[in-house]
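**Student:** What follows is each chain in one-letter form.
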Amino acid sequence: MEEILPYLGPALAVLGVLAVVFGAVLALANRFFRVQVDPRQQEIEEALPQTNCGACGYGGCAAYAEAIVQGKADCDLCLPGGPETACSIGEIMGKEIAEFKPKVAVVKCQGSFQTTFARFRYVGERDCRAAAATQYGQTACPYGCLGFGTCVWACPFDAMVMDAETGLPRVLEEKCTACGTCAEVCPKNIIEILPKDRYVHVLCRNQDPGRATRQVCKVGCIACRKCEKVCPVEGSAVHVTGNLAPAGLAAVDMETCISCGKCAQECPVNAIGNFRKLRREAKKQEAAEEAAA
Amino acid sequence: MEVGYVELAIGSILVSNFVLMKFLGLCPLLGVSKRTSDSVGMGLAVIFVMTLASAVTAVLYRHVLLPGTAEHTNILQAIGIPFPTGGGPTGGLVLVLKTISYILVIAALVQFVEMVLKKSVPALYRALGIYLPLITTNCAVMGVALLNTTDWRGSAAGLPVHKAAFNGFCAGVGFLLVMLFMSGIRERLAESRVPRALQGLPIAFICAGLMALAFMGFTKLFGIAV
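Those protein sequence lines, which keep their order, are chains R and E.
Number 358 in this note's numbering belongs to position 179 of the first sequence; there are no gaps in the numbering.
Number 214 in this note's numbering belongs to position 206 of the second sequence; there are no gaps in the numbering.
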């Protein structure tokens with residue numbers, strides 16, 4: 180005790196003075212450097228999933244929250260968050276949210292091991308972007324999937340797998356949040372984010388004339404226009420477009436398509452895919468799981 | 009013998025680099041080195057904090073904690089507050105207050121830097137994220153402050169204030185240098201095929217270790233051993 184006492188007074192005085200000085204400096208700094216933040220921004224940030232995937236078009240969840248508060252962005256742009264997030268953001272901002280349309284990633288290529296072939300053996304980096312820089316990639320079809328699974332690696336939600344049988348990536352639709360990361364990394368732009376309630380998609384990106392397409396892939400779109408003719412929608416929901424008359428690529432108009440699937444049946448090369456069965460089953464399974472729970 | 013500026017600079021940046029030779033500040037080295045732009049921002053923030061912290065702690069050490077000598081006065085003694093002279097090898101309040109007052113100084117400085125960054129460079133503020141407040145607990149900052157105020161070539165008072173600030177600046181530059189190297193390496197690592205078991209942090213640690221080995225080549229460079 181005798182030893183400690185002489186230190187106690189000066190030590191307390193020094194610490195006290197230091198604390199007061201620093202406190203004053205920080206208080207002054209706070210006055211000059213304060214940033215006014217809308218309290219709603221914090222709330223919105225908490226409501227967002229914090230995956231920073233960038234599907235909304237902003238650099239991460241914090242930037243998106245800022246854009247909403249400043250009135251630059253809509254409340255329903257967060258795709259991974261889904262309808263719940265859109266609703267809670269709408270509540271915070273005091274806005275009504277119109278119907279939220281779920282979307283999903285669709286791989287628009289069917290060029291599997293069985294249907295197409297490689298022009299040469301690629302021995303470089305096992306990455307589609309690197310492969311695409313090497314003579315447009317090793318696949319015979321210059322528009323086709325390179326099959327190195329860059330999209331699978333990039334997916335922040337583990338919603339994609341490489342199918343060992345076909346060599347193509349497959350989207351696990353129950354996990355996919357339509358963030359668009361895969362579509363961004365794909366050097367061939369094969370993956371598209373499309374509304375989940377549309378079942379029929381043309382699964383080919385080949386723009387070459389039918390003959391050239393036929394030579395490289397068994398399931399490539401040859402632009403025969405059969406799909407246009409069978410479409411029951413007035414003016415047809417499927418359109419074959421291209422620079423030259425015989426060249427072209429069919430695309431399904433998402434606004435008018437009624438997802439009847441007639442074009443998929445009629446297509447002579449099976450280039451049109453119908454996801455109706457797959458999604459019905461997924462829905463049924465989900466309902467069954469819910470009932471079980 | 010007095011320590012010269014060139015000697016201090018070469019000593020703190022290369023010979024006894026804080027990250028690779030003293031192994032201080034490894035947390036931000038691995039945490040913020042994924043992108044070069046972020047790591048440069050972190051390095052600059054650390055330089056700023058280290059320089060200021062070194063200067064302030066050196067003033068605090070010489071003029072408040074150490075008992076006054078012919079070279080430097082003690083403020084407490086000068087204004088007549090009873091000042092203990094015994095205790096520890098250096099005497100004064102050093103043993104009691106050194107660590108805790110340095111922590112106070114560094115914490116306040118980091119708070120200040122955080123406010124400035126939030127106002128003037130919000131993008132960098134967001135990129136640094138949790139690592140900015142973590143500079144408070146960055147042992148390299150505390151390390152340089154403590155090393156500046158220990159025995160330097162027989163002078164118990166440590167480095168004089170201007171040299172302490174310079175040493176802090178150089179330690180920060182050394183930190184920035186290593187951050188730059190590390191982020192360059194990690195940007196390339198992200199694109200290369202790493203065995204599954206080593207992906208992510210393990211390979212980063214291996215790289216850091218190899219770099220530390222390389223830096224050992226600077227030992228006794230120009231005969232400097234700081």
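Hints are supplied without guarantee of correctness; some may be wrong.
[Unchecked claim] Here are the simulated DSSO-like pairs of lysine-lysine, each with C-alpha atoms no more than 30 Å apart in a straight line:
| hint | chain 1 | residue 1 | chain 2 | residue 2 |
| --- | --- | --- | --- | --- |
| 1 | R | 441 | R | 462 |
| 2 | E | 228 | R | 251 |
| 3 | R | 354 | R | 408 |
| 4 | R | 354 | E | 127 |
| 5 | R | 456 | R | 408 |
| 6 | R | 405 | R | 456 |
| 7 | E | 30 | R | 251 |
Read the hints as simulated data drawn from the structure, not as lab findings.
**Student:** Are the hints correct? Go through all of them and say.
**Tutor:** For each hint, the structure was consulted:
| no. | hint | in the structure |
| --- | --- | --- |
| 1 | 441/R - 462/R | 22 Å, holds |
| 2 | 228/E - 251/R | 59 Å, violated |
| 3 | 354/R - 408/R | 36 Å, violated |
| 4 | 354/R - 127/E | 39 Å, violated |
| 5 | 456/R - 408/R | 24 Å, holds |
| 6 | 405/R - 456/R | 23 Å, holds |
| 7 | 30/E - 251/R | 49 Å, violated |
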